[in-house]
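Chains as they are written, first to last, in the working numbering: chain B, 4 to 309; chain E, 408 to 821.
Source of the hints: derived by calculation from the structure; they are not laboratory data. The beta-carbon is built from N, C-alpha and C at its ideal position, and this holds for glycine as well. Any given hint could be a false lead.
What the hints assert, rightly or not - Derived lysine to any residue pairs resembling SDA-like cross-links, with alpha carbons at most 20 Å apart:
#	chain 1	residue 1	chain 2	residue 2
1	E	K751	E	T722
2	E	K751	E	Y773
3	E	K641	B	G236
4	E	K751	E	E527
5	E	K821	B	G236
6	E	K821	B	K88
7	B	K88	B	G236
8	E	K807	B	Y80
9	E	K473	B	S60
10	E	K814	B	D76
11	E	K814	B	Y80
12	E	K451	E	E739
13	E	K530	E	K821
As the list claims (entries may be wrong) - With the C-beta cut set under 10 Å, the calculated list includes, among others, these residues of chain B facing chain E:
#	residue
14	E77
15	Y80
16	P149
17	D152
18	F159
19	D242
20	A245
21	T248
22	Y253
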Amino acid sequence: MELNNSKPKRITWWQKNQIKISPWIFLAPGLIFFFIYVIAPIFVSIGISFYQWDGLSPSIYVGLQNYIELLDDEYFYISLWNNLKWLIFFMLAVPIGLGLAIFLNQIVFGIRLIKSLFFFPFVISQVVIGLIFTWFYQPNYGVIAPFLDLIGLEGFSILANENSATYGIIFAGLYPQIAYCLILYLTGLNNINPEQIEAGRMDGAKGFHLFWNIVLPQLRHATFLAIVVTVIGALRSFDMVAIMTQGGPYGYSNVLAYYMFEQALSEYGYRMGYGSAIATVLFTIMMFYILFFIYRMYRNEREDNN
Amino acid sequence: MKKVIISLIMMFGIISSTSFAGTLVINTDTSDAAPKEAFEYIIKKFEEENPDVTVKWNVFDHEGYKQSIRNFLNTDPPDVANWYAGNRMLPFVRAGLFEDVSDIWKDSGWVDGNLSENMEHAKKSMTIGGKQWGIPYTYYQWGVYYRKDLFTANGISVPTTWDDFVAACATLKAAGITPITIGSKYLWTTAGVFDYLNLRTNGYEFHMDLTLGKVPYTDPKVQAVFDKWDELVKPGYFLENHAALSWQEALTPMVNGEAAMYVMGNFAVAPLKEAGLRDSNLGFFQFPEITPGIPMAEEAPTDTVHIPSKAKNKTDAKRFLIFMSRADVQEEINKILGQLPINKNSSVKKGDPFLAAGLNMLNNAYAMAQFYDRDAPAQMASEGMKGFQEYMSNPDRRQKILERLEKVRQRVYK
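Pulled out of the complex, with its shape left as it was, chain B reads as follows (with noise of 0.2 Å):
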């Protein structure tokens, strides 16, 4: 027997799970990062939730009393409905920047500085988009003021109105959001198959039969992204109000994440446990649509590998 193993073939544990190893190894680094900055602070955060604490005292348990309250909120309501605005209506970002991809998708001297233009909105920071659109909005003397007089609004301050800040403020939004949409059409528009549209040509399709029914299908993917960043932008839409409203007026333009940080963080705030209510509630939506997202993502692998 011991002469039989005198060429021993002495596979070391290392050596026979490296393959399977390693990949983690690779990731680990990643890994405890991202469990460290993201995972955990998810279930602090719930914790927090069923506390009220002020940041600076001892913390006391209130079981649900912080989402009791947050039934009973009007400020609730009000930012959660301007949260259902923000994604109804930046969803235009998505149409828009595909007309405007498909404008801009020729081959023409200079194409390139002008697409380049367009693209331009989104490189600015948001913070700079929001104070210029506010200056824009600024009543009497503002950019838009002769226009809105010519409607017979004059001195109409979009702002300052309950009914149309929120509004003012995701038309904002949108003027970056558009151009980060046009550019993943465009670069949608490059991976096109000519051959198809060729193939699409002969037989006599032309016009909105050609585009809905030969290009729009290849830009499957350009527009499931496109819509993806568009949602998440909406629901995390923050900068924008905080720069242009604050929330108000009284909180009227407020979002759900703004309302988190005017009551967990903000100068007169200091309720971590309402403010972690509040965004318990806003991680609660943003999951069933990336449970959604996922389970979609999941679903067109499956499909393009049979």
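Go by the hints and put chain E onto chain B.
For chain E alone, coordinates are given in the frame of chain B:
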């Protein structure tokens, strides 16, 4: 060997002495030009008088400081930090982060004269639970700033009663001038108007009861305040679109002669003068009487210095606080700040009619309120001011707003 030990001891001695008679760390939010200059002056003078102390001074951005102070008081406490009087310091006092400095207020031997006497009128706003928690060094008056030339052109004299005030607004409005400008984007300006209407309608005691949460917001006395406010809001005497403007942006109509008055703090004078107004066309008057016979109390927000309870060098910190309380020091600081000293033995910068008027008004004041958002706890203040802004845009929602505020009051003061 002996040598080594001796040198070790010496080194230790040097190290401990440098950290002992050594550094005084001061954190302030004085990022604006004048306050910064004032603190530069104070620190230089303090170092001159106390050559054994080296001051290490950290200036924070004014807005960021409100966040940072919560962190550094716990984790990296300085020896002295500036803050505000009244309820604003309550969270820190309650969390045990500010040092009790009642001994400075009591011990008259330490200071020139008795602090409690020299700063009598400010003592109340520095007291929580019968103890004093800091030293006030400056304050400023609130009132009505107005365009003298617009008043003269429309034949209006400075109103001293509510009826005169409302009549003046009517005259101005008829002449196509916005009677009162205000920018309520950041909410707190509305609280200035509310406070004055409340102080004049119901008096100082009621203001304190309300901000201390002892009275419901649905109380008839609060309704009475809003009745008076209605007289200004309903005929449109305030600037339109105020919710879109910051307080600075709302100065523009006044500078352009499109608006005549502003219920504001004295800090508005500097930007108004920079924009071109002069003593000849810019004036100040005390907010007029509403309910006759109610003693006139004023708004006078006070800035303060405190010792964090975790400070390392409390001995020098106390020396610094005593230094800051001195009449001559406060006089110099406030000359630079263009504000009023707390110590009544300090004199005020000459030739500034606004400071002179303010000093005169505050010296005769029945009592001093800190301001709605400093007297009321933060959460109440933020909801309150949101409500005031909503009311000013939609006066008919008053009842709904007051009921909401009452709900908040019951939660906050539990």
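These are the hints, each one checked on the structure:
1. Between the alpha carbons of K751(E) and T722(E) the distance comes to roughly 26 Å, so the proposed pair goes past 20 Å and is violated.
2. Between K751(E) and Y773(E), the direct Cα distance comes to roughly 16 Å. Compliance with the 20 Å bound is thereby established for this hinted pair.
3. This hinted pair does not check out: K641(E) and G236(B) have alpha carbons roughly 40 Å apart, beyond 20 Å.
4. For the suggested pair K751(E) and E527(E), the alpha carbons sit about 9 Å apart, so the restraint of at most 20 Å is met.
5. Simply put, K821(E) and G236(B) have alpha-carbon atoms about 38 Å apart, too far for the 20 Å limit, and the pair is violated.
6. For a cut-off of 20 Å, the pair hint linking K821(E) to K88(B) is broken: about 36 Å separates their Cα positions.
7. Distance check on the hinted pair: K88(B) and G236(B) sit about 13 Å apart at the alpha-carbon level, within 20 Å; holds.
8. Taking the CA atoms of K807(E) and Y80(B), the gap is about 16 Å. The hint holds against a cut of 20 Å.
9. Between the alpha carbons of K473(E) and S60(B) the distance comes to roughly 17 Å, so the proposed pair stays at or under 20 Å and holds.
10. About 10 Å separates the Cα atoms of K814(E) and D76(B), which keeps this hinted pair within 20 Å; it holds.
11. Proximity of K814(E) to Y80(B) is assessed by CA-CA distance (about 16 Å); at most 20 Å being required, the pair is judged to hold.
12. Between K451(E) and E739(E) the alpha-carbon distance is near 12 Å, which keeps this suggested pair within the 20 Å criterion.
13. For the suggested pair K530(E) and K821(E), the alpha carbons sit about 27 Å apart, so the restraint of at most 20 Å is broken.
14. With a cut of 10 Å, the hint placing E77(B) at the interface with chain E holds, because the nearest CB-to-CB distance is about 7 Å.
15. Residue-level restraint check for Y80(B) is violated (minimum Cβ-Cβ distance to chain E is 13 Å; threshold 10 Å).
16. Nearest Cβ of chain E to the Cβ of P149(B): about 16 Å, over the 10 Å cut. The hint is violated.
17. Interface restraint check for D152(B): the shortest CB-CB distance to chain E comes to about 14 Å, outside 10 Å, so the restraint is violated.
18. With a cut of 10 Å, the hint placing F159(B) at the interface with chain E holds, because the nearest CB-to-CB distance is about 8 Å.
19. Hint on D242(B) is violated. Least Cβ distance to chain E is approximately 16 Å, over the 10 Å limit.
20. For A245(B), the interface hint is violated, the least distance from its beta-carbon to any beta-carbon of chain E being 12 Å, above 10 Å.
21. With 10 Å as the threshold, the beta carbon of T248(B) comes within range of chain E, its nearest partner Cβ sitting at about 8 Å, so the hint holds.
22. Hint on Y253(B) holds. Least Cβ distance to chain E is approximately 4 Å, under the 10 Å limit.
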